[in-house]
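Asker: Produce the entire structure from the sequences given, and follow the hints as far as they go.
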Amino acid sequence: MSPIPESHYGRVEALNLPRLSWAAFAGDAAAVRRCLQEGEEIHQTVSLVNQNKQEVHGITPLYLASHHPAGFRAAAQNGHLDVCRELLNAGADVLRGCSIPATGESFGPTDIALIHFHLRTWWLLNDAKAKRCSKLAGRRSMKHGAHLAQPLIAEGAQLSSGGALMI
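Residue 53 in the working numbering sits at position 53 of the sequence shown, with consecutive numbering throughout.
Misleading hints may appear alongside valid ones.
Said to hold, decoys possible - Taking CB as the label site, the calculated pair distances span:
| # | residue 1 | residue 2 | range |
| --- | --- | --- | --- |
| 1 | A102 | K131 | 25 to 35 Å |
| 2 | I115 | E55 | 17 to 27 Å |
| 3 | K53 | D127 | 18 to 28 Å |
| 4 | K135 | E41 | 32 to 42 Å |
| 5 | R19 | H57 | 13 to 23 Å |
| 6 | R96 | Q54 | 15 to 25 Å |
| 7 | Q37 | G104 | 16 to 26 Å |
| 8 | A102 | E38 | 33 to 43 Å |
| 9 | S134 | F107 | 15 to 25 Å |
| 10 | K53 | A137 | 36 to 46 Å |
| 11 | N16 | Q37 | 20 to 30 Å |
| 12 | A102 | R34 | 27 to 37 Å |
| 13 | R96 | Q37 | 33 to 43 Å |
| 14 | I115 | K53 | 16 to 26 Å |
Rather than coming from a laboratory, the hints here were simulated on the basis of the structure.
These figures come from a predicted structure and were not determined experimentally.
Beta carbons are placed, not taken as given, at the ideal position from N, Cα and C, and that holds for glycine.
Answerer: Written as structure tokens, this is what we have:
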């Protein structure tokens, strides 16, 4: 599932990534901060070929930060965690995933962190994912449930200070 061939680890020219994507992949939190301050797009995407020689589309900096290559693992365990934190704080969407058109597979940063046993990174991303899903579910409930409350309010029902319907 990895879109980055092991032979490319540590070789910027081989990957030809935009600066923010490379900084995220390399685990360089300071470079990620600089790129974001200079206005680089947090949701920029790249396409790479995986170890099975299949195109992977929609790879974001957050995805790359969650995918530590084995050669970086010892030194970068905290660096990649910091990069993921930095990207999430700047508004990276943890729900954005990548896909392999040839197989129809899709996966996101949390999947990749778990596959590579980066448990602290997975924990951070999974928490962000749960919060994002909860927020989206709340918006949908308010949006789609409002039509149910309108007739009751029109008939005199009141809302509590917490927003609950009191009949």
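Asker: Hint by hint, work out which the structure violates, then give me just those numbers in ascending order.
Answerer: Hint check: 3, 4, 7 and 13 fail, others pass.
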